[in-house]
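Peer 1: Sequence:
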Amino acid sequence: MTVDPDSRLQLLLSERENALGAWLEANVQLSSALDHLRQLHATKAEALKARWISPHQLAQFRRWEKEMVKPTDYRTIANYTQHRNIIASIDQRWDGVITVAQVEVDRATNDLAVATADLLSTMPVALASELTGLSVRRLSTIARATANTHPAS
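Quick note: the sequence shown uses this note's numbering, first residue 1, plus one each step.
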């Protein structure tokens, strides 16, 4: 029995089209997840700003917390304590939501890597590079990383 070359070509083109569609959908999902995460961070920043916590003050507070070095003069200690209470309440309100959004970004990033590897399985890297706008080197890196974490079934 011989295989019709035209039907093989149609199958290959259909696989390429499906893989490209899945890649585009994964791209949209990642973009949407990133936008949502950015919006949450911006909303948290606005909540801090509404409570009169400037980005500079927040950065100073985070340094104090990270380094476990607390201010020593009375005025700064009072300021630190006040900021700690305000920042802690806002962190408590927003950090869980932001963590969930970050998990969604991570999942979408992984889905895009898998879709990229699937796309590469249907066409030469140079063609995939031209269609996606990603460099051949970047596509090859994604394909290797995906192969290491998602072995073929």
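Calculated directly from the structure, the hints in this document are not laboratory data. There could be a bad hint or two in this list.
Distance windows between CB atoms, simulated [stated by the list, open to error]:
1) V97 to T149: 19 to 29 Å
2) S135 to S89: 39 to 49 Å
3) P5 to S31: 32 to 42 Å
4) T43 to P5: 28 to 38 Å
5) V97 to H56: 23 to 33 Å
6) V100 to L12: 32 to 42 Å
7) I98 to S54: 35 to 45 Å
8) L11 to A47: 27 to 37 Å
9) S31 to N79: 36 to 46 Å
Keeping only pairs whose Cα atoms sit at most 20 Å apart, straight-line, the calculated EDC-like set for lysine to aspartate or glutamate is [said to hold, decoys possible]:
10) K66 to E104
11) K66 to D91
12) K44 to E25
13) K49 to D95
14) K49 to D91
15) K44 to E104
16) K44 to D91
17) K44 to D95
Virtual Cβ for every residue (Gly too), placed ideally from N, Cα, C.
Peer 1: If a hint holds in the structure, say so; if it does not, say that too.
Peer 2: These are the hints, each one checked on the structure:
A C-beta distance of roughly 27 Å is found between V97 and T149, which places it inside the suggested range of 19 to 29 Å. A C-beta distance of roughly 45 Å is found between S135 and S89, which places it inside the suggested range of 39 to 49 Å. Distance hint for P5 and S31: a CB-CB separation of about 39 Å, consistent with the stated range 32 to 42 Å. As the Cβ distance of T43 to P5 is approximately 57 Å, the hint placing it in 28 to 38 Å is violated.
Restraint check, V97 to H56: a C-beta distance of roughly 25 Å satisfies the suggested window 23 to 33 Å. In this structure the hint that V100 and L12 lie 32 to 42 Å apart at CB holds, the actual value being about 40 Å. Our hint of 35 to 45 Å for I98 and S54 is violated, since their Cβ atoms are close to 20 Å apart. Look at L11 against A47: about 54 Å separates their beta carbons, and that is not inside 27 to 37 Å.
Roughly 40 Å separates the CB atoms of S31 and N79, a value that falls within the hinted 36 to 46 Å. Proposed proximity of K66 and E104 is contradicted: the alpha carbons are some 27 Å apart, above 20 Å. With a C-alpha separation of about 15 Å, the suggested pair K66 and D91 falls inside the 20 Å cut-off, and the hint holds. Proposed proximity of K44 and E25 is contradicted: the alpha carbons are some 29 Å apart, above 20 Å.
Restraint check: the Cα-Cα separation between K49 and D95 comes to about 16 Å, which is no more than 20 Å; the hinted pair holds. Of the supplied pair hints, the one linking K49 and D91 holds, its CA atoms being roughly 13 Å apart against a limit of 20 Å. The straight-line distance between the Cα atoms of K44 and E104 is roughly 18 Å, inside the 20 Å bound, and the hint therefore holds. At most 20 Å may separate the alpha-carbon atoms for a hinted pair to count; K44 and D91 meet this at roughly 8 Å.
Restraint check for K44 and D95: the C-alpha separation of about 9 Å stays at or below 20 Å, so the hint holds.
Violated hints, in rising order: 4, 7, 8, 10, 12; the structure is consistent with all others.
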